[in-house]
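J.: As a plain string of letters, each chain reads:
Number of protein chains: 4
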Amino acid sequence: MRPDRLLAFTDGVVAILITILVLELRPPAGDHFGDILDEKGRLLAYLLSFVFVAIYWVNHHHLFQVVDRIDGRVLWANIHLLFWLSLTPVATAWLGETGVKAGPVAAYAVVLFGCAVAYTLLTLALLALHESDSQLAQAIGDDRKGKISLALYVSAFALSFVVPWLSVALFVSVAVMWFIPDRRVTRTLERS
Amino acid sequence: MRPDRLLAFTDGVVAILITILVLELRPPAGDHFGDILDEKGRLLAYLLSFVFVAIYWVNHHHLFQVVDRIDGRVLWANIHLLFWLSLTPVATAWLGETGVKAGPVAAYAVVLFGCAVAYTLLTLALLALHESDSQLAQAIGDDRKGKISLALYVSAFALSFVVPWLSVALFVSVAVMWFIPDRRVTRTLERS
Amino acid sequence: MRPDRLLAFTDGVVAILITILVLELRPPAGDHFGDILDEKGRLLAYLLSFVFVAIYWVNHHHLFQVVDRIDGRVLWANIHLLFWLSLTPVATAWLGETGVKAGPVAAYAVVLFGCAVAYTLLTLALLALHESDSQLAQAIGDDRKGKISLALYVSAFALSFVVPWLSVALFVSVAVMWFIPDRRVTRTLERS
Amino acid sequence: MRPDRLLAFTDGVVAILITILVLELRPPAGDHFGDILDEKGRLLAYLLSFVFVAIYWVNHHHLFQVVDRIDGRVLWANIHLLFWLSLTPVATAWLGETGVKAGPVAAYAVVLFGCAVAYTLLTLALLALHESDSQLAQAIGDDRKGKISLALYVSAFALSFVVPWLSVALFVSVAVMWFIPDRRVTRTLERS
Numbered sequence: 048m049r050p051d052r053l054l055a056f057t058d059g060v061v062a063i064l065i066t067i068l069v070l071e072l073r074p075p076a077g078d079h080f081g082d083i084l085d086e087k088g089r090l091l092a093y094l095l096s097f098v099f100v101a102i103y104w105v106n107h108h109h110l111f112q113v114v115d116r117i118d119g120r121v122l123w124a125n126i127h128l129l130f131w132l133s134l135t136p137v138a139t140a141w142l143g144e145t146g147v148k149a150g151p152v153a154a155y156a157v158v159l160f161g162c163a164v165a166y167t168l169l170t171l172a173l174l175a176l177h178e179s180d181s182q183l184a185q186a187i188g189d190d191r192k193g194k195i196s197l198a199l200y201v202s203a204f205a206l207s208f209v210v211p212w213l214s215v216a217l218f219v220s221v222a223v224m225w226f227i228p229d230r231r232v233t234r235t236l237e238r239s
Numbered sequence: 048m049r050p051d052r053l054l055a056f057t058d059g060v061v062a063i064l065i066t067i068l069v070l071e072l073r074p075p076a077g078d079h080f081g082d083i084l085d086e087k088g089r090l091l092a093y094l095l096s097f098v099f100v101a102i103y104w105v106n107h108h109h110l111f112q113v114v115d116r117i118d119g120r121v122l123w124a125n126i127h128l129l130f131w132l133s134l135t136p137v138a139t140a141w142l143g144e145t146g147v148k149a150g151p152v153a154a155y156a157v158v159l160f161g162c163a164v165a166y167t168l169l170t171l172a173l174l175a176l177h178e179s180d181s182q183l184a185q186a187i188g189d190d191r192k193g194k195i196s197l198a199l200y201v202s203a204f205a206l207s208f209v210v211p212w213l214s215v216a217l218f219v220s221v222a223v224m225w226f227i228p229d230r231r232v233t234r235t236l237e238r239s
Numbered sequence: 048m049r050p051d052r053l054l055a056f057t058d059g060v061v062a063i064l065i066t067i068l069v070l071e072l073r074p075p076a077g078d079h080f081g082d083i084l085d086e087k088g089r090l091l092a093y094l095l096s097f098v099f100v101a102i103y104w105v106n107h108h109h110l111f112q113v114v115d116r117i118d119g120r121v122l123w124a125n126i127h128l129l130f131w132l133s134l135t136p137v138a139t140a141w142l143g144e145t146g147v148k149a150g151p152v153a154a155y156a157v158v159l160f161g162c163a164v165a166y167t168l169l170t171l172a173l174l175a176l177h178e179s180d181s182q183l184a185q186a187i188g189d190d191r192k193g194k195i196s197l198a199l200y201v202s203a204f205a206l207s208f209v210v211p212w213l214s215v216a217l218f219v220s221v222a223v224m225w226f227i228p229d230r231r232v233t234r235t236l237e238r239s
Numbered sequence: 048m049r050p051d052r053l054l055a056f057t058d059g060v061v062a063i064l065i066t067i068l069v070l071e072l073r074p075p076a077g078d079h080f081g082d083i084l085d086e087k088g089r090l091l092a093y094l095l096s097f098v099f100v101a102i103y104w105v106n107h108h109h110l111f112q113v114v115d116r117i118d119g120r121v122l123w124a125n126i127h128l129l130f131w132l133s134l135t136p137v138a139t140a141w142l143g144e145t146g147v148k149a150g151p152v153a154a155y156a157v158v159l160f161g162c163a164v165a166y167t168l169l170t171l172a173l174l175a176l177h178e179s180d181s182q183l184a185q186a187i188g189d190d191r192k193g194k195i196s197l198a199l200y201v202s203a204f205a206l207s208f209v210v211p212w213l214s215v216a217l218f219v220s221v222a223v224m225w226f227i228p229d230r231r232v233t234r235t236l237e238r239s
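The listed protein sequences correspond, in order, to chains H, X, D and C.
So the first sequence is numbered by the numbering used here: it starts at 48 and just counts up by one.
So the second sequence is numbered by the numbering used here: it starts at 48 and just counts up by one.
So the third sequence is numbered by the numbering used here: it starts at 48 and just counts up by one.
So the fourth sequence is numbered by the numbering used here: it starts at 48 and just counts up by one.
For reference, chain H alone in the conformation it holds in the complex (with noise of 0.2 Å):
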């Protein structure tokens, strides 16, 4: 089966996700400029979940760049990674409301970390479809990035209960890693 109507419905979903915390955002009380600061945490709070989710759409837009046919597994792989997205505005508000505490900063590990094991469970529900000199193949290679990801969220999850601050700077690194889509699809497109 040809992936059209999962990119459909992921493009839909991503979409009200990333715009989710925009609902949130209310007007400030009073009319002065600097009255705009009143909603500081909340603003920051949907830049982050924003940034964030974004960063997971323009891969996946990459990743299926080289896609020839999907199954049903790649459909539920694919449903169980917009799940877990679906929790990050969450995170990301108890995160912006409560500040870096212990609680909020695990939540968000363990919401991260759900998301990079859904995207590495898509990616090998993928592979089993591709032959192993297909385009796709060559792209992810052994997923470095991604297992990197991983023990990264694990070792944040444990931090976070004795310096979250330490935490936030691992999923910072995660962030600006990813920021940048896979150069090895754009590599591999050209060349084709």
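Note that these hints are calculated values from the structure, not bench results.
The structure displayed is predicted, hence computed values, not measured ones.
Be a bit skeptical, because a hint or two may be false.
One copy or two, either will do: identical chains are not told apart, so a pair holds if it fits within one copy or between any two.
Unchecked claim - Listed next, the in silico DMTMM-like pairs over lysine to aspartate or glutamate satisfying Cα-Cα at most 25 Å (straight line):
#1 K194 to E178
#2 K148 to D78
#3 K87 to E144
#4 K192 to D115
Starting from the known structure of chain H, arrange chains X, D and C on it as the hints suggest.
T.: Frame of chain H, contents of chains X, D and C only:
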């Protein structure tokens, strides 16, 4: 007419329905990791509703792989299905809040029955447009799965006023039955 | 320009509008099956608004089957239609809460009239782009259904201040008239 | 890479943004037709925000008519634009609630400026991917409209602390300027 826009519209509506309960998830009031448990009920309701809607989407996805054309009746049969699906989040929320009591379980059975009837009607509207040796007709066959589902939902409704937990067991059975999308579609597609 | 993106955008907006009132549906407070009746008003308002928006979507779907090209004016005419459609949920909600009183019925007539005018303008913008012997021109013809609808909505507005129930009867008549999407489109498509 | 998914995702996000303020519209408390006026402020804010987002969508639509390919940078430039656009509903809501005061007008100018900068950056990212004699390069030209808009928004921000009404007049001027989407695109398309 080709089904393109029907699919795009369905994907859009389902993308919204599957994420509507996210809007109900609130960050916990405290800042300890264990405070997540305060949101246990809502998280579980969200998960249930998410899985349920996803099962319909996956099966709808498979069904339309073998659909060649649609007409006005199919459009309305599909919209009818979307209407019943749109009630599952609120039904799940009731169940999540009240627990396994007669009222919400019976309501849940009604909504699931409505979805199942609507899906069957959609199938019939599609069959009326396709030849009896079409891929679609072969894939659907005598629709035993559909008929069993309807019977189980009726039983679940009746049982809900006596042993509501048994009704929930029936819901789960049907979900499991449809979790793996129609193998007949995949087989039919592979043969062609 | 081809209408692809106009259709995708319309489907997205309509998918949101058709489900917006779901957000108003709350699980009943009690746990008896009969407690659903407490939500009767909202459920009915949701159903009405759902059907109404669906009728527009189905007719829009049929109309664009015979559209070959669009321009900037068509884009704006379509966005204008989406604006009026976006007001139907809140109009239906008012009707659902207050019952059949002059105020909400008149407001409903205004919104329906706005939608009908917008749909007519969209039709005219499309006709201006297509030859007089095009499938589109044949399918639309003298647009009798459109003109009758406009006249009925104007009457419904005037009547709402005297016998609001009669206005509601007129709304239903127009809905019935458009429930079956334009047979002319189907016939024109079959002939070609 | 082809822009298909970027467009689908953009259409989804914009469809949500354009309808988000509908969620703020409440049916009036009374049942007289005149009670609609109680919601005047919110209705107007909704209309403003709707038109504003629509103008961006129409111009984005025209711009991508002449786009052949995209890369990761274009994806991020586009997501950056979506982020700023997503702030316009809340900025409009503030303006609608407080009236034309320094605070909300300055905030509005900032958001509009952000959108305009993001649109310009998107244009530049696209130009970097297309030859200097491409349809895109011809259609964009020296982007005078973009530069004038940026200058007007900066002036509007400064003015907002002195004569906020004058800033609003500048916002309207820019909106009028972009209401008719780029004729250059249409002309370029017709010539080819």
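J.: Take the hints in turn and mark each one as holding or not.
T.: Status of each hint after checking the structure:
In this homomeric assembly, K194 and E178 come within 25 Å of each other (Cα to Cα) only inside a single copy, at 22 Å, whereas the closest approach across copies is 39 Å. For a Cα distance limit of 25 Å, the shortest separation of K148 from D78 across copies, 6 Å, qualifies, whereas the shortest one inside one copy, 32 Å, does not. In the homo-oligomer, the alpha carbons of K87 and E144 lie at most 25 Å apart both inside one protomer (10 Å) and across protomers (19 Å), since each shortest distance falls under that limit. Taking the closest pair of Cα atoms, K192 and D115 come within 25 Å of each other only inside a single copy of the chain (23 Å); across copies the shortest separation is 31 Å, beyond that limit.
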